[in-house]
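Undergrad: These are the residues of each chain, in order.
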Amino acid sequence: MRANGDTADAVSDPQPLSKSELDRSFSELYRTHLRDVYSYAYYRVGNHHDAEDLTEQTFLQAYRHYERALRESVGRPLRPWLIRIAHNLAANYYRDRARRPESAIEDAAVISAPHTTETLVEGREELERILAGVQQLPDDRREALIMRFALGMDNREIARALGRSDGATKVLLHRAIKQLEGIVEQPAPDGAAAGVRAS
Amino acid sequence: MSTTEFEARLRAALHPVEPPGELAARVERTLVELQELAADELESWELSAMRDPRNWARPAAAAVVGAGAGAALVVLRARSRHRRRRDQSANVLDLAERTVRDLADEARRLLPGGD
Numbered sequence: 012m013r014a015n016g017d018t019a020d021a022v023s024d025p026q027p028l029s030k031s032e033l034d035r036s037f038s039e040l041y042r043t044h045l046r047d048v049y050s051y052a053y054y055r056v057g058n059h060h061d062a063e064d065l066t067e068q069t070f071l072q073a074y075r076h077y078e079r080a081l082r083e084s085v086g087r088p089l090r091p092w093l094i095r096i097a098h099n100l101a102a103n104y105y106r107d108r109a110r111r112p113e114s115a116i117e118d119a120a121v122i123s124a125p126h127t128t129e130t131l132v133e134g135r136e137e138l139e140r141i142l143a144g145v146q147q148l149p150d151d152r153r154e155a156l157i158m159r160f161a162l163g164m165d166n167r168e169i170a171r172a173l174g175r176s177d178g179a180t181k182v183l184l185h186r187a188i189k190q191l192e193g194i195v196e197q198p199a200p201d202g203a204a205a206g207v208r209a210s
Numbered sequence: 128m129s130t131t132e133f134e135a136r137l138r139a140a141l142h143p144v145e146p147p148g149e150l151a152a153r154v155e156r157t158l159v160e161l162q163e164l165a166a167d168e169l170e171s172w173e174l175s176a177m178r179d180p181r182n183w184a185r186p187a188a189a190a191v192v193g194a195g196a197g198a199a200l201v202v203l204r205a206r207s208r209h210r211r212r213r214d215q216s217a218n219v220l221d222l223a224e225r226t227v228r229d230l231a232d233e234a235r236r237l238l239p240g241g242d
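The listed protein sequences correspond, in order, to chains A and B.
Quick note: the first sequence uses the working numbering, first residue 12, plus one each step.
Quick note: the second sequence uses the working numbering, first residue 128, plus one each step.
Just so you know, the hints here were simulated from the structure itself, not pulled from any lab data.
A hint or two may mislead.
To be verified - Computed list of chain A residues with no C-beta within reach of chain B, every gap over 12 Å:
| hint | residue |
| --- | --- |
| 1 | Glu83 |
| 2 | Asp151 |
| 3 | Gly178 |
| 4 | Ala179 |
Unchecked claim - Stretch by stretch, here's where chain B covers chain A in the computed footprint (C-beta under 8 Å, at least three residues):
| hint | stretch |
| --- | --- |
| 5 | 87-101 |
| 6 | 164-176 |
| 7 | 188-197 |
Stated by the list, open to error - If we take Cβ atoms under 7 Å as the criterion, some of the chain B residues that face chain A in the derived model are:
| hint | residue |
| --- | --- |
| 8 | Phe133 |
| 9 | Ala135 |
| 10 | Arg138 |
| 11 | Pro143 |
| 12 | Val144 |
| 13 | Ala151 |
| 14 | Val159 |
Note that the coordinates shown come from a computational prediction; the quantities given were computed from them, not determined experimentally.
For each residue, glycine too, the CB sits at the ideal point set by N, CA and C.
Produce the entire structure from the sequences given, and follow the hints as far as they go.
TA: Structure representation (structure tokens):
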């Protein structure tokens, strides 16, 4: 049995893996979670170019510490560990460049369900307002929402990724949603949605 | 709008983003190159050179890279300088030589006592 995404993250075998087994196992982890890490990176930095770099750095950093992480995971999924690496790298990214996430997110969400033109425009504007609102949240609340809604992580996983207790994470998510609701419900000043318009 | 409805819209707004197709290949290639470069570095080193302690840093640096410690950093730093090397290189061989030299220099910097 070898690591296979989250199922095989659960390596409880005390026997150390050979180098080739480790590499194979890491490749599977990488393929399983590439989209998660990329999605997280994208919503954190706001553009595809930096998201690619952040994703690459995350996996290289993960590769470097993979054996130890596997040993210490005691069968738990490694996705929170990966996201935590991305979280730390993103923090460095902002510290080094002394900048906040870009207000505009490229290629803002598109609505996949069929709609009339009118409802499509309304829906798109609403999604843009929500995305703009997410960018206005404090870092921890924004991250918790990204993990929950973009990555589908549960409270426990988010707690591990953020280094918080399950209870504190539940409260954090609740407050984040409430704050975002408040932001979105505020009447938008003219042209506000343009700030998050897809480029 | 109820909280449930709002969460549904939030889920639609924060949909998962598919990574570009070539990103997966790029990261895998980087990891493979990392191991191959480290192996080549060790293999190409002549044993006779090991008599001189001043030369010990180089294979030690390669070993560090091969073992994974600091490897990501080495590659990332080297990658960031790739474009500059490419501009400076007269041909592909020259570029390859500059790349290997740059990786060795970067790895050496990561060693204790390195500059």
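Undergrad: When the structure is checked against the list of hints, which entries are broken? Sort them ascending.
TA: Violated hints: 5, 6, 9, 14; rest satisfied.
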